[in-house]
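Let the hints inform the model, and build the full structure from the sequences given.
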Amino acid sequence: MNNWTIAEAAQQLHDKKISAQELTEQYLKEIKASDLNAFITVDETGALKQAEQADELIAKQQAQSLTGIPMGIKDAIVTANLQTTSASKILEGFIPPYNATVIDRLRAQGVVILGKNNLDEFAMGASTENSAYGVVKNPIDINRVPGGSSGGSAAAVAANLCVGSLGSDTGGSIRQPAGFCGITGFKPTYGRVSRYGLIAMASSLDQIGPLAKTAQDAKIIFETITGHDKKDATSSVDALPKARSIKGLTIGLPKEFFDTEGLDPRIKKSVESSLKILTDIGCKTKPISLPTAPFSLAIYYIISPVEVASNMGRYDGIKYGQSVTQNVKKLADVYSQTRARYLGSEVKRRIILGSYASSAGYYDAYYGKAEEARRAVVADFNMAFKDVDLIAGPTSPTLPFKIGERSSDPLQMYLSDIYTVPVNIAGLPGISIPSEAVDQLPVGLQLIGPRDSDLTVLEAAIQFQNNSDFHHAKY
Amino acid sequence: MVETNEQFNVEKLARLARLELSSDELTTYGRQLNGVLKYIDEIANIPLVGLSQDVNRIAPHHNLINITREDVVGDDSIDMNAMLNNVPMTEGTAIKVHAVLGAGDE
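Protein sequences, first through last, are from chains A and B. The first sequence stops at residue 475 when you use the numbering used here, and every number in between is there. The second sequence stops at residue 1106 when you use the numbering used here, and every number in between is there.
To give an idea of the chain B side of the interface with chain A (calculated C-beta under 10 angstroms), a few residues:
#: 1; residue: F1008
#: 2; residue: K1012
#: 3; residue: L1013
#: 4; residue: R1015
#: 5; residue: I1043
#: 6; residue: N1045
#: 7; residue: P1047
#: 8; residue: H1062
#: 9; residue: N1063
#: 10; residue: D1076
#: 11; residue: I1078
#: 12; residue: N1081
#: 13; residue: M1083
#: 14; residue: A1099
#: 15; residue: V1100
With a straight-line Cα cutoff of 27 angstroms, these simulated DSS-like cross-link-like pairs (lysine-lysine) come out:
#: 16; chain 1: B; residue 1: K1012; chain 2: A; residue 2: K329
#: 17; chain 1: A; residue 1: K369; chain 2: B; residue 2: K1012
#: 18; chain 1: B; residue 1: K1012; chain 2: A; residue 2: K319
#: 19; chain 1: B; residue 1: K1096; chain 2: A; residue 2: K329
#: 20; chain 1: B; residue 1: K1012; chain 2: A; residue 2: K330
#: 21; chain 1: B; residue 1: K1038; chain 2: A; residue 2: K369
#: 22; chain 1: A; residue 1: K89; chain 2: B; residue 2: K1096
Keep in mind the hints are simulated off the structure, nothing from the lab. The beta-carbon is built from N, C-alpha and C at its ideal position, and this holds for glycine as well.
Dropping the structure here:
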């Protein structure tokens, strides 16, 4: 089985060494043979039809960078006429009557959608153990989690069950699983990719982004899906600035990202040696401080559950999804019993937490305070970016943990996101790229840029990968 | 016996959120969330001095402003029948629901 990047596959298709249909058949075969559980739904018929259309475009010399490329899509993104569940029982059998904007943009280029990747239910989790459709295994070590919530996407890319995937990131859900699976995952600036058709988790934090084998691949996917969308009121309207050259860029190293108690010292060492690669290619580093960083998780676990509680209100058994319709006396019972029966534990916990933090008498102390604190986080980053051009650190404080290790203590699970969450709070672009492995397990290096510096962040990642080999590591 | 403190009443919150939880769930979630609560209570200690004045009050993490649009039907409306396909209980083209008030309610 080939292990091509997007550009390599596109070249093979262009040179007629393989057809899009043959390539798709190869990937469908790999998926069938895999027991990682990275896909909830596989669309064999649809994918082969799309591949046929791609072959027509290639024959007419109308191929673009993603034509005929087989991809996975996180099952939190709606695909018309193809079951979309968000890994919840409550949406089992739900057939969306429309495409997310990002799907339309991929399909306009002739991307082949192989199927829907598994995730933590409604994108809530850091291990993909919260899926109602079974745990996803990390292809590097099948006793370990692939991370979450985009664990299915990350596992699928790492195991070459698709060339790339779209995930979503609210507190780290693209970057952390990318780090855990040894691949590249990019979360754009808030507003740079349309959220129309992304099943909402926390609307002020969610962003769709690529998971891919390389930063170059991530860039190709990002450039295809980015752009203003009038169907998303939070979509950026101005043009994306071009990438800056990375020569002479200063990279800030927050002491709060390197001196944390829970940070595995082996990860710190791996990240520090990767930083040497960046200085070798012309960057400078500088110690900085983000004083609000230690409070980011508290801010996140107030803001996001409140928004979650609001967004989950639509799952009421009335307009779509599963419903308890028998043996109920009144409408409110339909709501309460449907939600009780078909929503998972982590979703329920966050609904309760969010209801509490936004309830009368507690709203100001929790949500009001968290929103004020959010301004402080943005101000911190603004201050830092006066002195430095990018910020770097580990993606995760720990190596990929064993399946079951953290699933009974929600707080332990939440701590996985300690370095990724500030980036969503501030709406900034962030990428996780593979650093040097530790004890045969992958380590993620995170790069963060100022708002709208997406192409610079990607360029820095690309240059890092041009001068290192960790993204090619065999585990 | 559900572990609650005066302010954090899981049973009441579940009712507000329209979640009919079992007593086992109430106990387990109560216990798990009490740990999370201690963590988020840290928000009271965050240093908020010296906030930059150029940070947007409403939504600090982006530079968008709220807009209004004309309330007209667009040309990209979703097909009604495609939507009705997903509705659990229908009558004709209507979504059918149970009575708001059950027997015995005033």
